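Chains as they are written, first to last, in numbering that gives the first Met the number 0: chain G, 0 to 364; chain H, 0 to 364; chain E, 0 to 364; chain P, 0 to 364.
Keep in mind the hints are simulated off the structure, nothing from the lab. Check the hints yourself; a few may be wrong.
[As the list claims (entries may be wrong)] Derived DEER-like restraints, expressed as beta-carbon distance ranges: (1) His358/H - Glu179/P: 46 to 52 Å; (2) Thr29/P - Lys49/G: 29 to 35 Å; (3) Lys213/H - Gly130/P: 51 to 57 Å; (4) Val302/G - Glu14/P: 42 to 48 Å; (5) Ser327/E - Thr284/P: 37 to 43 Å; (6) Glu122/H - Asp4/E: 28 to 34 Å; (7) Ala227/G - Thr9/P: 51 to 57 Å; (8) Ser327/P - Pro193/G: 39 to 45 Å; (9) Gly18/H - Val302/E: 53 to 59 Å.
[To be verified] Computed footprint of chain H on chain G; a stretch qualifies when at least three of its residues, placed anywhere within it, have a C-beta under 8 Å from a C-beta of chain H: (10) 112-126; (11) 232-240; (12) 244-256.
These numbers come from a predicted model, not from an experiment. All C-beta atoms, glycine included, are put in the ideal place defined by N, C-alpha and C.
Number of protein chains: 4
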Amino acid sequence: MKAPDQPDVTPALEELYRGFEQELLVPLWTEIGDLMPTHPRSRAVPHLWKWENLIKLADQAGHIVPVGRGGERRAIALANPALGGRPFATPTLWAAIQYLMPGENAPEHRHSQHAFRFVVEGEGVWTVVGGDPVPMQRGDFLPQAGWNWHAHHNSTSKPMAWIDGLDIPFQYATEAQFFEYGRDEISDAERITPERSRSERLWGHTGLRPVSVKSTAPGSPLLNYKWAFTDAALADQLALEAEGYAGTVEQGHAAVRYTDPATGRDVLPTIRTEVHRIASGVETTPVKETGSSVYQVFDGSGVITVGDKSWTVSRGDLFVVPSWVPFSAKSEAGSGSDSGALDLFRFSDSPVLEALHLHRIETVK
Amino acid sequence: MKAPDQPDVTPALEELYRGFEQELLVPLWTEIGDLMPTHPRSRAVPHLWKWENLIKLADQAGHIVPVGRGGERRAIALANPALGGRPFATPTLWAAIQYLMPGENAPEHRHSQHAFRFVVEGEGVWTVVGGDPVPMQRGDFLPQAGWNWHAHHNSTSKPMAWIDGLDIPFQYATEAQFFEYGRDEISDAERITPERSRSERLWGHTGLRPVSVKSTAPGSPLLNYKWAFTDAALADQLALEAEGYAGTVEQGHAAVRYTDPATGRDVLPTIRTEVHRIASGVETTPVKETGSSVYQVFDGSGVITVGDKSWTVSRGDLFVVPSWVPFSAKSEAGSGSDSGALDLFRFSDSPVLEALHLHRIETVK
Amino acid sequence: MKAPDQPDVTPALEELYRGFEQELLVPLWTEIGDLMPTHPRSRAVPHLWKWENLIKLADQAGHIVPVGRGGERRAIALANPALGGRPFATPTLWAAIQYLMPGENAPEHRHSQHAFRFVVEGEGVWTVVGGDPVPMQRGDFLPQAGWNWHAHHNSTSKPMAWIDGLDIPFQYATEAQFFEYGRDEISDAERITPERSRSERLWGHTGLRPVSVKSTAPGSPLLNYKWAFTDAALADQLALEAEGYAGTVEQGHAAVRYTDPATGRDVLPTIRTEVHRIASGVETTPVKETGSSVYQVFDGSGVITVGDKSWTVSRGDLFVVPSWVPFSAKSEAGSGSDSGALDLFRFSDSPVLEALHLHRIETVK
Amino acid sequence: MKAPDQPDVTPALEELYRGFEQELLVPLWTEIGDLMPTHPRSRAVPHLWKWENLIKLADQAGHIVPVGRGGERRAIALANPALGGRPFATPTLWAAIQYLMPGENAPEHRHSQHAFRFVVEGEGVWTVVGGDPVPMQRGDFLPQAGWNWHAHHNSTSKPMAWIDGLDIPFQYATEAQFFEYGRDEISDAERITPERSRSERLWGHTGLRPVSVKSTAPGSPLLNYKWAFTDAALADQLALEAEGYAGTVEQGHAAVRYTDPATGRDVLPTIRTEVHRIASGVETTPVKETGSSVYQVFDGSGVITVGDKSWTVSRGDLFVVPSWVPFSAKSEAGSGSDSGALDLFRFSDSPVLEALHLHRIETVK
């Protein structure tokens, strides 16, 4: 919406505006264009962060910045260039690379912010959630609903990186955040390194709910969604498509959403998480959607178009799609990944918008 | 509640009662004891059906009763001895053994009744649901929500039996049943015998929802819950228990409930389905619950107590637990099953009672 | 569905059937026509009960049958002629006339069955629910969710009648009933006769929820829906229609549903209750619907058609509409009621069918 | 949470930080204290706006600033002194005084932002929502869910003021806003001035849902909650309390929440609205709550305490309570209002926090 015509500037108007200022008042008619646009015009801009730069800086930080109580985590956040230098990837989402050196521990804490971890490469860290050590390997997705105690420990002789996604900016806007320190050191019993967390043993069986659990808190009780299952689900969709059956989002474009096995809903109350597989040579239909997303390239390479920006991307690269800006992805033919496809991990604030009936999505013609 | 004291029989009362009869009226005070008991007193009774007898009669029927349009299925139903000869296992649940000879087909139809199949032994039949051939093997559970087209075909040279569970008596009571004939013969393309149905390829990945499916009808979109996964889930619960963690219902008693991956709720709107594993030598705490259940022994052997009845059971045996009658199961030590445990498949009308706030459960002291 | 062709009667078949009988088994193929009809074919039939006969018999009972502990209530139930003499108006619904003589009390009790009272004429009884005396006057509707203590007392010098609606047959079918005696006599403090119950003072303000009440049990917390409000709502709908706006169900046919102010849902988990006003001279479109209904004429007169039955009805008359039987009502022009219209109170089992996804409704062409 | 200890500033650290800056990255360890506080520390501050000043400035604006397309409304918003001069009463809520001169019209538009109007004094404006003219008088509350067409017209010879509440700042943060112009002039038929809107005639009958309406959009279909009903509900609560029954929030403190009659939920998906009546001489228990509120004094006078601020307030005054800042109100004895009590209208963002499981409330000891 263009800025509206303003009343003629007269001494009376100037006096009125001084009165407003004095009484801490602001008229709608000077602000409406910014506040009530005809469609979302995000303060954020599309932007790409190259993984090679992130990992290099994270490693540098690994050597000179200690991890410990107070700073809590060696996490380095994406700061959208249009959001005033704040560590906000989008107006509602936080995305950071976290880095843990061999033998390091990140102390236990909990917070109201909802979080997840996604592993694009490496392994060897266990996230201990409520005393349950959860392994982390390439492709694993670990949701972690707010207010659960958690710590990390690296049990190997190699550093490990992963990305953290949180709703920090959203909760910063709504001002309902709580944070509490836990133990500085977890127990020896929690330092074990099982291949499967207890949560996976209890909840990781398709469609089989443990009868002993009467109800669950908001957020998924399953703490690790292993890559092998995600990969198989995506491959199955493309195979169904090849046989002539429904399953993919559109031709050559498979996608799964991580869901809470106890409810079938998003794994976190405020964050949606998905993996999209775009078959070799395929370009997705541009869509625009209310709310913002952050993507990380999990595998393959291709060309991403977000509004008037376009980038060639490969493994580990991160980029943001602001609200109502058209997005499409094109997989590069023969990119040499395992599946020969472009695999994109995505997270967004869609559950917030859906819960409040503010979600809209449109195909861009 | 005992029958209430009745008014003295006088000529006036007799005339009043004649008036009632003439006008099709019945007073509460003569009926209240039966209609409004202090707690549920089921019209049904506990009863056991031995699998060896069922399978023998089913095979006999296989040789002399054809399967075809009109009769629709070679299904033989349990008739609770206290329900007037009606083919009702309990006042709300239908349970039948179905039997298909080599090469036979059961023609396509659909009905509002919710159904499932559970396979205690054998293999070789595919149930074709909406054109999707679903394999059936020992331990497989196939939910099938009402109003889906379905047919069965036996592709092997051996007969196959399984049990059908439906809410026929419940829908008979509520009178909302619809039934429609489909094609007499399914197509050749539907006679294929894949190891996994398309539904499993789309929905059988823990916590991974296909993004392409915007919404699902009532009832689970996953049409086969394979035994290997059920077995693993039960084994995991007992292993967690052995390590000192929560997971089982009570000591030595693991249990999973089949749930709809799209909602986390029961797989069928009117029927709850579970598998219970009772470790060797363990006896479960007696419980009584509103609503009725039918059980089938999947593996192992043991002693079942339902109210004042007690039976020794083994593979395939079926029994019913009427509303509010105490139930417990004791696994026979060293019964020689794979898991060394008593595995019980159970179905009940609990979702009906829960949806209407009529569900109660109590431990019997 | 017509009865299916049966296998030829041979000695082998006879032996098979003897085997079934011995093992308490019943084949599907002899029963399917009755159990799985192509559409609901109710065991109940349409029937009309004339109020003048009911009230006369109730009064007769008032003079010779005492009210007290054991019999509990002087309630006389409609017995559908096709339901074997049981006091069931339909397979799921109970409808009775209750009658209380001057100064009489009906003792306190509670039960899991959901209930309501509707007053077609008279006044002077207070129903005391959980200690809250609720007045009863012509046109008042008093829902009473299961497991609430309640008693009645007639504080006047005249007898009073009203109808009770309950889900007794439904709970009889599902076998989840509980019943408990309360005090034989309520306290003097509860014998007061206020014009408004406390429930009305707390919940009877449109769209205004008391902040002090954090949550409510199943069923409406509002214990009286007074006629003046119902009448006004119906009049408003017809006035809107007259001005050319939406509001009525169809031309000349206004209708309101009693709803729980805390949830907007039906006032009882198992019973839907509505009042329909059919303007003078109007005939409603025939509809058939799964589930059954009981109607009482509140005011006016007209002609009711249920399937192939047709009756002229007037104030107080009760009739039943079985599942899937077409129903329509025609208001008699100039019938002389206050509104000049035919007012029908209706209750049905629709919430049960809707909760379980078994509800269907169709206009009959 | 205090700012964490920072790593020693070395050339290596300075180089690292330069690298972060260059790559648009920000470390968590320098920001965590602000981003993840131990409890909400609002950017907003408590503040009071006096009605006499607001109304004077609004009237001044009425004489020199025209109302018309582009500026859309003569609305003057509260700007929290700690929110950088933006017209945000709190980080999520917008509150403005709107003013319409005799005979003026505010043109039709619609927007995704949810809105309401509350009238503290005056009358004579009708808000036309989707063609339905809704009257506005002292004490009336008009919810208006997003994306409904609406216009205002003043049909009298006197100016009229009221307050508008919207979720503009919240939707500004989540960036899902849409806005569309409607007609510049509404029709003559819409310029009528009925005492009751059509929405009130259809939905304004307690617990009586129009059967003709199958489903409603998010937000209440009832467009006016008249003061007489609100006043009666509050009076009833205090009368119940006086008789010894439950009903009030705490001694001498009655409160009602405006709810959607179709669902029993808040009238708007993002905004909760309530009226609190504090009896003469009573002081409420201090509470702190996540999320923010705006209050307007509807009647009476008293002393408000918000954190370390304290003000004497009277009719029309507005003040804000930021997230997690303790709030209490004391009614001034004998303040001379109709009810002799302090009546406070309140709106808050609680539905947002509740939908996302971020709501917490605590009594301050």
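Verification of the supplied hints:
1. Our hint of 46 to 52 Å for His358/H and Glu179/P holds, since their Cβ atoms are close to 48 Å apart.
2. Checked against the hint of 29 to 35 Å, the C-beta distance between Thr29/P and Lys49/G comes to roughly 23 Å, which is inconsistent with it.
3. In this structure, Lys213/H and Gly130/P break the distance hint of 51 to 57 Å, their C-beta atoms being roughly 32 Å apart.
4. Look at Val302/G against Glu14/P: about 33 Å separates their beta carbons, and that is not inside 42 to 48 Å.
5. Our hint of 37 to 43 Å for Ser327/E and Thr284/P is violated, since their Cβ atoms are close to 58 Å apart.
6. Judged by the Cβ atoms, the range 28 to 34 Å given for Glu122/H and Asp4/E holds: they are separated by roughly 31 Å.
7. The hinted range of 51 to 57 Å is not satisfied by Ala227/G and Thr9/P, whose Cβ atoms lie roughly 43 Å apart.
8. Here the CB-CB span from Ser327/P to Pro193/G is close to 51 Å, at odds with the stated 39 to 45 Å.
9. At roughly 27 Å, the beta carbons of Gly18/H and Val302/E sit outside the given window of 53 to 59 Å.
10. Residues of the segment 112-126 of chain G with a Cβ under 8 Å from some Cβ of chain H number 0, which does not satisfy the need for three, so the listed coverage is violated.
11. For the segment 232-240 of chain G, the stated coverage by chain H is satisfied: 5 residues place a CB nearer than 8 Å to a CB of that chain, which reaches the threshold of 3.
12. Counting residues of the segment 244-256 of chain G whose beta-carbon sits less than 8 Å from any beta-carbon of chain H gives 8, enough to reach three: the coverage restraint holds.
Figure legend: structure checked against the earlier numbered hints; hints not met, in rising order: 2, 3, 4, 5, 7, 8, 9, 10.
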